[in-house]
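*Asks:* Sequence:
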Amino acid sequence: MSDYINAGTFFLATSAVVLIATFIFNLITSYKIWDEIQKGNMAVAMATGGIVAGVANIMHFAISSNDSIVKTAIWGGIGTAALLIVYFAFELLTPKLNVSEEIGKGNRAVGFISMIFSISFSFIIGASIF
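Residue 126 in numbering that gives the first Met the number 0 sits at position 127 of the sequence shown, with consecutive numbering throughout.
Bear in mind the hints are in silico, worked out from the structure with no lab data behind them. Heads up, the beta-carbon is just placed ideally off N, CA and C, and yes, glycines get one too. Incorrect hints may appear among the rest.
[To be verified] Pair ranges (Cβ atoms, derived):
id: 1; residue 1: Phe111; residue 2: Ser1; range: 19 to 25 Å
id: 2; residue 1: Gly7; residue 2: Phe87; range: 48 to 54 Å
id: 3; residue 1: Ala88; residue 2: Ser64; range: 22 to 28 Å
id: 4; residue 1: Ala55; residue 2: Lys31; range: 28 to 34 Å
id: 5; residue 1: Ala126; residue 2: Gly105; range: 32 to 38 Å
id: 6; residue 1: Lys31; residue 2: Ile123; range: 28 to 34 Å
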């Protein structure tokens, strides 16, 4: 029975990290994620989906490489913070393009590349914490 409790604990804790990261992402963008998604803004949906998939992937690595929920949460939190830093770096390294503004305006190309950056870097971050 303890294996089931352990699995449930890891699931709940890491799911909370994914939800918290999505909440933080909503705070740091110039648009309101859920309002834009409700309007059908695919660029926002892709960028947000990239963050959700990226954080979930990082949490996969954190669970796989740690035997305690505390270590998993710590490494998952560090990895999630790193992924959010990647988002800021993407914004800074594209001075001719205001990433957040373009995504908010519905520019699907920018939303897509943002999603790809998030997912791709989640593998690099995950492998680094593994």
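*Asks:* All hints are to be evaluated individually against the structure, with a verdict given for each.
*Replies:* A quick look at each hint next to the structure:
The beta-carbon spacing between Phe111 and Ser1, approximately 43 Å, falls outside the hinted interval of 19 to 25 Å. As the Cβ distance of Gly7 to Phe87 is approximately 34 Å, the hint placing it in 48 to 54 Å is violated. A hinted range of 22 to 28 Å for the beta carbons of Ala88 and Ser64 is consistent with their spacing of about 24 Å. Distance hint check for Ala55 and Lys31: the Cβ-Cβ separation is about 22 Å, which falls outside the suggested range of 28 to 34 Å.
Roughly 33 Å separates the CB atoms of Ala126 and Gly105, a value that falls within the hinted 32 to 38 Å. For Lys31 and Ile123, the Cβ-Cβ distance of about 29 Å falls inside the hinted range of 28 to 34 Å, so the restraint holds.
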